[in-house]
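Asker: The primary structure of each chain is shown beneath.
2 protein chains.
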Amino acid sequence: MKVDNDWEKLIADLYKGSERAMSRLISKVENRENGWLETMQEIHKKTGSARIIGITGSPGTGKSTLTGKLARSFVELQKKVGIIAVDPSSPFSGGALLGDRLRMNEINCMPGVFVRSMATRGALGGLSQSARDVVKIMDAFGKDIIIIETVGVGQDEIDIVKTADVVLVVCVPGMGDGIQAIKAGIMEIADIFVVNKADLKGADQVVADIKSMLEMTNDGATVPINMVVSTTGEGIKELTDIVSQSLMNDQKKAAWKQEQVQEEIMILLEKEVAFYLRSIWNDETRLSSVLKQVIAREQDPYTVVKEIMVPLIKACEDHR
Amino acid sequence: MKVDNDWEKLIADLYKGSERAMSRLISKVENRENGWLETMQEIHKKTGSARIIGITGSPGTGKSTLTGKLARSFVELQKKVGIIAVDPSSPFSGGALLGDRLRMNEINCMPGVFVRSMATRGALGGLSQSARDVVKIMDAFGKDIIIIETVGVGQDEIDIVKTADVVLVVCVPGMGDGIQAIKAGIMEIADIFVVNKADLKGADQVVADIKSMLEMTNDGATVPINMVVSTTGEGIKELTDIVSQSLMNDQKKAAWKQEQVQEEIMILLEKEVAFYLRSIWNDETRLSSVLKQVIAREQDPYTVVKEIMVPLIKACEDHR
Chain A
-18 MKVDNDWEKL IADLYKGSER AMSRLISKVE NRENGWLETM QEIHKKTGSA
32 RIIGITGSPG TGKSTLTGKL ARSFVELQKK VGIIAVDPSS PFSGGALLGD
82 RLRMNEINCM PGVFVRSMAT RGALGGLSQS ARDVVKIMDA FGKDIIIIET
132 VGVGQDEIDI VKTADVVLVV CVPGMGDGIQ AIKAGIMEIA DIFVVNKADL
182 KGADQVVADI KSMLEMTNDG ATVPINMVVS TTGEGIKELT DIVSQSLMND
232 QKKAAWKQEQ VQEEIMILLE KEVAFYLRSI WNDETRLSSV LKQVIAREQD
282 PYTVVKEIMV PLIKACEDHR
Chain B
-18 MKVDNDWEKL IADLYKGSER AMSRLISKVE NRENGWLETM QEIHKKTGSA
32 RIIGITGSPG TGKSTLTGKL ARSFVELQKK VGIIAVDPSS PFSGGALLGD
82 RLRMNEINCM PGVFVRSMAT RGALGGLSQS ARDVVKIMDA FGKDIIIIET
132 VGVGQDEIDI VKTADVVLVV CVPGMGDGIQ AIKAGIMEIA DIFVVNKADL
182 KGADQVVADI KSMLEMTNDG ATVPINMVVS TTGEGIKELT DIVSQSLMND
232 QKKAAWKQEQ VQEEIMILLE KEVAFYLRSI WNDETRLSSV LKQVIAREQD
282 PYTVVKEIMV PLIKACEDHR
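Protein chains in written order, with this note's numbering: chain A, -18 to 301; chain B, -18 to 301.
Excised from the complex, chain A in its bound form (with noise of 0.2 Å):
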């Protein structure tokens, strides 16, 4: 298929440097609109050059505060930001957004960085798989570093971050952070542990605890913390030298970058089986008989399933 002229040129403007473009493109593809797939697919072919760093922690961590700090380092590194704040879903308690909001329009305005905040609800193509889209649309436009923000709650957060190049876990005393971390498996995404807010009181302990921790569960592998005050920006220098260490040694191994790649295709997978049942479905006078009969107790949703995968399971056999 062939993508349509908006899309070209969209296509064309972003690869010529426009945000406005950009800023189109993504929201095009977020809501899947006709001819998403075959933008991806060009998309596709311009990026790999980018490196993405994962920002991920309790809400309260500071995490806005140390993404924009870094933004500015790598700023001053003389390079293209993109930041990918994901929100917290929250539908209750959305209070604390708005300060977070208005920080996130304070970094837009620095040079050369490119903020894109994301819902948590309704992504059509899943959370996971619209942050990669978001991702490579940055990466083609010839953003060098993009930075991923997530609230390290919910499984969909931790998957996006997994994405990640590098992943920086944030932790700050008086929280408790340490023990649950552990207790959630998050420890073993962390390529970096930052202590952000290390001024405060049981900063150390912190670094202590994260340090016992390492040495029960990560076959002696060492992860490095660092300690920052993000607000007043003491220790961000050192932990940008170790960030950019830690992509240039691009020390996520091939057979983690093949694990990302066979896991974005199984998610896109599913994603456009499900759509593509989900609408031939919707319009099948078949299912409201079936859905009166699974009401009345003639019927179970487990049998229907069954037989409308057999012609599937065929299929792929057949193809095999």
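One or more hints might be untrue.
[As the list claims (entries may be wrong)] Take a look, some chain B residues computed to stay more than 10 Å from chain A by CB distance: (1) Gly(-2); (2) Thr46; (3) Leu58; (4) Gly93; (5) Lys143; (6) Asp172; (7) Asp190; (8) Leu195; (9) Met229; (10) Leu249; (11) Ser269; (12) Leu272; (13) Arg278.
[Said to hold, decoys possible] Covered stretches of chain A (chain B as the covering partner; in silico rule of three or more C-beta atoms under 8 Å from a C-beta of chain B): (14) 20 to 32; (15) 236 to 249; (16) 254 to 262; (17) 269 to 281; (18) 285 to 291.
[What the hints assert, rightly or not] Derived pair list, reagent style DSBU-like, types lysine-lysine, alpha-carbon separation capped at 35 Å: (19) A/Lys9 x B/Lys238; (20) A/Lys192 x A/Lys(-3); (21) B/Lys287 x A/Lys27; (22) B/Lys238 x A/Lys26.
None of these hints come from the bench; they were simulated from the model.
Just so it is clear, CB atoms sit at the ideal spot from N, CA and C, and this is done for glycine as well.
Keeping the supplied structure of chain A fixed, place chain B upon it in accordance with the hints.
Answerer: Positioned in the frame of chain A, the structure of chain B alone reads:
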């Protein structure tokens, strides 16, 4: 396929009223052990008598205490009660949960009450399908009332609570819940509002906020607002009456039921197709060369997915 002996025995014991069999069945179905689908086909026939109450709200609104008190009220009305507590995945902030779990243990000791806790991460069939399966097993066991308690954060949790016959949205004074609720579209899923901790300052304001929001958004439909103090039990009797009436009126329409069943079939279908596709792709030698091509940008994930889908789409079209 025949349900094997182990499953058959468990189903027979479930119908005889064995809580141990119910626990084991839930675990085996959650883990998608071989035979789970046939078991659920069998169990589905015995479902449809239990009534489902969904309770949702922000962390800290006292949902667990409210759930416990409501459970006790229904036990006093000679009802057999099942509780499904969907814990937040929260990899970092798990601290408060310990207290919740202790409270849950107290509730679990009430006669006629069975509590099941569900992790929000890693449910093989997806969180909302797993919750549906657990509801059905409890229903087939003979529970009259099943209370699903979820934190009202995250699309999955909201999807779960929407499957209930009556949905209680819990607010408390001083958290700005009212305003947030409307933003997130939680408003429309509430059949009953509960203002908990109504002895605190600001409770009347919460009621007023909810009322004014209802006026703005709800086409004039009346949604009851109940003030309670879960810890002392104040207002629980009145709330129980209103919930009972709501359940007896069977206020949710036939269209809603059809929509729920359709959604269940779609989710089940998507998960089963995804599961199947993953199983065949994970041992394809072809996959490894495709991954290498994608990493080298000679190929892209979007094209790969389109190609995989060709025979699937053909199969669906032939089958219609």
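Asker: To test your reading of the hints: which numbers does this structure violate?
Answerer: Result: hints 10, 11, 12, 13, 20 and 22 break, sorted rising.
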